[in-house]
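Engineer: Each chain, written out:
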Amino acid sequence: MPSSPHMSRREFVGIVTAAAGSIMGALIGIPAIGYLIAPALSKVSADAWIPAGPLENYPAGVPTLFNFNRTKVNGWEKTVNSYGVYVLRHEDGSFLALSNKCTHLSCRVNWKQDESAYTCPCHDASFDINGQKVKGPQPRALDPYETKVEDNNLFIHFLGS
Amino acid sequence: MFQKTFTWLDERLGLKTIYETVLDRKVPKVNWWFTLGSASLFIFLLQGITGIMLTVYYIPSPDHAYDSIQYIMTGVSFGWLIRGIHHWGSSLMVLIVFFHMLRTFFFGAYKYPREFTWVTGVLLLLLTLGMGFTGYLLPWNQRAYWATTVATSIAGTVPFIGNFINQVLRGGGDLSAVTLARFFSVHIWWFPAIIAALIGIHLYMVIRLGISSVPKEED
Numbered sequence: 079m080p081s082s083p084h085m086s087r088r089e090f091v092g093i094v095t096a097a098a099g100s101i102m103g104a105l106i107g108i109p110a111i112g113y114l115i116a117p118a119l120s121k122v123s124a125d126a127w128i129p130a131g132p133l134e135n136y137p138a139g140v141p142t143l144f145n146f147n148r149t150k151v152n153g154w155e156k157t158v159n160s161y162g163v164y165v166l167r168h169e170d171g172s173f174l175a176l177s178n179k180c181t182h183l184s185c186r187v188n189w190k191q192d193e194s195a196y197t198c199p200c201h202d203a204s205f206d207i208n209g210q211k212v213k214g215p216q217p218r219a220l221d222p223y224e225t226k227v228e229d230n231n232l233f234i235h236f237l238g239s
Numbered sequence: 418m419f420q421k422t423f424t425w426l427d428e429r430l431g432l433k434t435i436y437e438t439v440l441d442r443k444v445p446k447v448n449w450w451f452t453l454g455s456a457s458l459f460i461f462l463l464q465g466i467t468g469i470m471l472t473v474y475y476i477p478s479p480d481h482a483y484d485s486i487q488y489i490m491t492g493v494s495f496g497w498l499i500r501g502i503h504h505w506g507s508s509l510m511v512l513i514v515f516f517h518m519l520r521t522f523f524f525g526a527y528k529y530p531r532e533f534t535w536v537t538g539v540l541l542l543l544l545t546l547g548m549g550f551t552g553y554l555l556p557w558n559q560r561a562y563w564a565t566t567v568a569t570s571i572a573g574t575v576p577f578i579g580n581f582i583n584q585v586l587r588g589g590g591d592l593s594a595v596t597l598a599r600f601f602s603v604h605i606w607w608f609p610a611i612i613a614a615l616i617g618i619h620l621y622m623v624i625r626l627g628i629s630s631v632p633k634e635e636d
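Protein chains in written order, with the working numbering: chain A, 79 to 239; chain B, 418 to 636.
It is possible that some hints are incorrect.
From chain A, some residues computed to sit far from chain B (all C-beta separations above 12 angstroms) [to be verified]:
id, residue
1, 85
2, 88
3, 89
4, 115
5, 120
6, 142
7, 184
8, 222
Computed Cβ-Cβ distance ranges for the label pairs, DEER-style [what the hints assert, rightly or not]:
id, chain 1, residue 1, chain 2, residue 2, range
9, B, 631, A, 99, 51 to 61 angstroms
10, B, 581, A, 91, 52 to 62 angstroms
11, A, 96, B, 567, 42 to 52 angstroms
12, A, 152, B, 573, 36 to 46 angstroms
13, B, 558, A, 204, 47 to 57 angstroms
Worth flagging that the hints you see were computed from the coordinates, not collected in a lab.
Glycine is no exception: its CB is placed at the ideal position from the N, C-alpha and C atoms.
Using the sequences and the accompanying hints, generate a full structural model.
Structural biologist: Okay, structure coming up:
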């Protein structure tokens, strides 16, 4: 077939094969890539308001420890982490909630009423009643949690760690 | 540009020769039954690719096998598709390979000079069944557990050495983490490696000897 203005049969078959192949490749390739990167794309928000019980549990002026657990899911694996929060109720009815995790190396601090300070058993870090640094190796004050009161119950805003 | 690159590569790799030898072979006038070999090869590759994909999430341990598959099915995008293809493909592969064997048998294609192609083909059929057998345990659900319990017990009925075979298959007296681990190993390493090697030999002989024609009345 010398110089026909039309597409040759061979060209036509080539183009159709390439087109069909591209469509099939996309149909297989997109699910395959999605399958491989799926865990990176799933965002699980750990953000939650944790109920911390009725306000009567927290006497005014004395930091009181409240413990709670959160479950983290990675794939098919569940990890339970426990957290501690010192809740201080001020005379005016406002609340201060502080994580009991020392900002130095994450040991748990304890409230010492006689010293009027949070002390860390690991490296002797010391924080005042508002969580501010007094002495020790810690880089910053104790981490605060946001709080809210609903129907005479206290809630703590947990952000994921 | 493309032509130049191709010529450069072809000069060194002999791509054209490979293409001509493998794909531009002279073949007799045959029918659709002769596509079963290519179909077997295709589905082997499909099982290989989906199987590799599944190992990204699957854990061969009694603690995690079932849960990791639940995660593939419900937590991973298109996980149901990848596992579905591997699951249904396994049955289809046994069927296709078996029909490929029947075609070869009824068309007399196993005769001189293709006896050795037939022998490797029979081994490939047995290994395909072995892949089905070892893969069946991996989901580690009730069906998998009891099917393997029964099947290894059947192997245990062989006279004299049956009990030994049973224990080797299970890696001990009972089905355990050891059984799951060795079935997984055989399923993803031993058998696929042997199958790939045998397919290489099988195809080499198909290309070297050409395929047989449909038998005629006087044959």
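Engineer: All hints are to be evaluated individually against the structure, with a verdict given for each.
Structural biologist: So, going through the hints one by one against the coordinates:
1. 85: It holds; residue 85/A is separated from chain B by about 20 angstroms at its closest Cβ, greater than 12 angstroms.
2. 88: Non-interface label on residue 88/A holds, nearest chain B Cβ at 15 angstroms vs cutoff 12 angstroms.
3. 89: 16 angstroms, holds
4. 115: 8 angstroms, violated
5. 120: 8 angstroms, violated
6. 142: Consistent with the label, residue 142/A stays out of reach of chain B, its closest Cβ about 39 angstroms off (over 12 angstroms).
7. 184: 28 angstroms, holds
8. 222: 34 angstroms, holds
9. 631/B - 99/A: 51 to 61 angstroms: The hinted range 51 to 61 angstroms is violated for residue 631/B and residue 99/A, with Cβ atoms some 31 angstroms apart.
10. 581/B - 91/A: 52 to 62 angstroms: 59 angstroms, holds
11. 96/A - 567/B: 42 to 52 angstroms: 50 angstroms, holds
12. 152/A - 573/B: 36 to 46 angstroms: 41 angstroms, holds
13. 558/B - 204/A: 47 to 57 angstroms: 56 angstroms, holds
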